[in-house]
Amino acid sequence: MESQRVAIRPPLEHAGESRNESRRLIDAWWQELTRADEEERPVANAFVMGSMAEILHTFDLPISFPEIAALQTAVRGQQMDLLLAAEDEGYSPDICGYVKIDVGLHATGRQHPQGVYPKPAIVVATNMCNTYIKWAEIWERKYECPVFVLDLPGWRGTGFEYDRTSETFANDVRYVEGQLRELIELCEQVSGRPFDVDKLRIVMGHVNEMSELYQAILAQNKNRPAPFNALTEGINYMGIANMARGRPEGVEFMRTALAELEERVAKGVGAVADERWRLLLVGTACYSNFREFVGFFDQWNGVFVASEYMSYAGGGIDRGIRYDLDRPIESLAEQILLTTQPSMTGIFHSHEWQAEIAREYDIDGICYHGIKSCRTVSSGLPDAREWLMQHEDLPGLFVQSDLVDARLWAGAQLRNRIDAFFESLQSRRAQAGV
Amino acid sequence: MDQELESIIEECRVAVEDPGYPGLQDWLSSNPDGLVLGHFQVYFPEELAHAAGMFPLKLMGADTSVQIREADAHIAAFVCSILRTSLEQAISGRIRNLAIYVTHPICDAARHLNGVWTRQFPDVNCQILYYPHNTRSAHGLPYLVDEYRRVAGIIEDVTGTTISDESLRASIEVFNENRRLLRDLYGIKRETPWLVSFVEAYLLTRSAGVMDRERHNDLLRRALPLIRARTGKSQDKIRIVFEGGFCEQPPLELLSVLQDVVYVVDDDLLIGLRWLVEDVPTAGDPLENLAEAYIESSSYSPVQRDPLKPKEKMLLARIRDSNADAAIVAAAKMCEPGLEEQVAYDDALREAGLPHLIMEFEEKTTNFEQARMEIETFVESMLFEFA
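Protein chains in written order, with this note's numbering: chain A, 149 to 582; chain B, 829 to 1215.
These aren't lab readings, by the way, just hints derived from the structure by calculation. Cβ atoms here follow ideal geometry from the backbone N, Cα and C, with glycine treated the same way. Please note that the accuracy of each hint is not assured.
What the hints assert, rightly or not - Computed list of chain B residues with no C-beta within reach of chain A, every gap over 10 Å: (1) G862; (2) A904; (3) I934; (4) R939; (5) Q955; (6) P970; (7) E1019; (8) L1144; (9) A1159.
Unchecked claim - Computed from the model, here is a short list of chain B residues facing chain A with C-beta under 8 Å: (10) D936; (11) T946; (12) C954; (13) Y958; (14) H961; (15) R1133; (16) L1136; (17) T1194; (18) F1196; (19) Q1198; (20) A1199.
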């Protein structure tokens, strides 16, 4: 292993601003959920991939994101009791840990470390992850709340072209637009408020701005050294992109984060001291042992300059959402398809995206982190890794653990694999004479 | 056993157990240039392939007869076995003349199959048929019709054969007959389970997916009267419904253990072959009829969201309609939808006061003693209760 070299950092005017702001926004989000629950106001449960925040915010429905709530318990090391509570109810050790943490929270009095975990009055689940639908059915049975499955047809396979002129795109837009109108009707019933199209335009306008800023944030890491680590700060940006999607404070946050990163780039400050290895993360983080996992790469001066996670779990926001506010519902349908499809169903065919990112961000290697909890992101990783190695000569490391279940964490083995990967990168660089 | 019936069941057994797909080889010997459309679980409108002269091959994984040599290198751990064995079948070259491969977004793991197969088999046209998850939207059916048309167009492009309404109607007739015969077979299981063993019925069913369908119809047409003519007597066995075989299949040995101990009077094994529960009308637009049947005249499974078909209520109805005493609710190892549904099934069965056993299986299991003990203990506990 390389010795840690200490770099002297110049003073930064914006240091810590986005971190502080994200904490404030997360606290405010939990306070909003807690208040809504106490006042028995309806709360919507939604998921990060296709939250439909645009419509839910139009009806002032606070959105509870169970995935975010679950990971927060794991980061605090409070998830195991919740996992076990769900297993006591009959849920298998082999299913999604997020689902089980949610079941555990509902089974143990809905007390989340950051606030009250509300009961859903409505659920919006897309098919971007099949488990979303099964998860929604759990709430449907428990609370008898309406479940709206927004079906977003995805990438279809060989020869599939998804552009605005294709017949399939027209058919899909018709299907999605029809569903959005049905969802609006349901939200009217649940919220007791009439639909206000002008309010939808405002929310969508905020998403347009946020998306542009989010893309600019991602692009900052094309610089060398990369100003942020996609595994740590990146997850923060992504969390706010979900929680505050369509809200002015979300736009402001992205502006703050971008200013902070631009300053780092201008002053040559990188996410890790003396950046040596630029990496792409495919898969997810491991929240139960988050710092340890990050540390395995930090100690080699490796930085994740990009992450597939920041794409698909950002709800398509990285792909450049450009809503046409003159025809909001039609445009919402089109843009959801054009942005969520490549970022989410692209997971299953992401080898070409990975190759593109590797070129754009000058990647040295890819870390594929497969997790038991999430077959959506994990199942095809070994195959993609092999393809990238064969066709693009891109070194890949495949490791496995879990998002949240600490029982699946084998730190020593992981570290061995990661160390060996860096050694192989080193030897590769030496052979290339770089 | 009647010799003719024995020979029919043996033909089905070979078709099912031989990983070399002898049913496909037979077809190819008469159609050497014939093309194959392989489709992964759970349901595919095979009529579309049949109408273009293709051989629709249902990919259902494999048991220990297929040794995994390469597939493990392409699919992560923590994923069910059927994904690996189906891939291994293709990598090992057993699926001759494969021209189109179709998967469906049935679960998070299976959604990766298209990417993996696309990378592994660049000469095969790999497609995803996106069934509507919002089945009860007013826009779900028109969407599915469009999607069927898209897939039909790909089949036409690959085969160079136009799928006319007439050819599609003719294929629907073939598959209607097949489903009707399978319903008759299941009727025998329900009414007189002592006339056909669980394993026999399974072989007669499963072989449909790997055999020329006209040939399979012929076998069933001959077999059913012969089964009805059997003279066996009812034994004092508990009647159960087996649930959990909609995708990955339990090994035959496990089914054999079950038939030793209980009468399995209904199940969801290979439900895709029986997904459409009524004849598809041939009058009108046949493709629209197929799409409508998928939504309106279909069975249920954990991988289809339909608010009008809550799975636990459908299971209770299956138990009631088959006059079963109990249920065995199984799930394939690592099967997210199956394992999640088990909890709802368990709750509903408890509430209904119905005895049930929860278990897991894997298609490549080789030791069945523990399963036998679990099943026997379960049945004994019921017998004590009834006594």
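For this session: Give me the numbers of the hints this structure contradicts, sorted from smallest to largest.
Result: Going through the list in order, the structure violates hints 2, 3, 4, 5, 6, 9, 16, 17, 18, 19 and 20 and respects the others.
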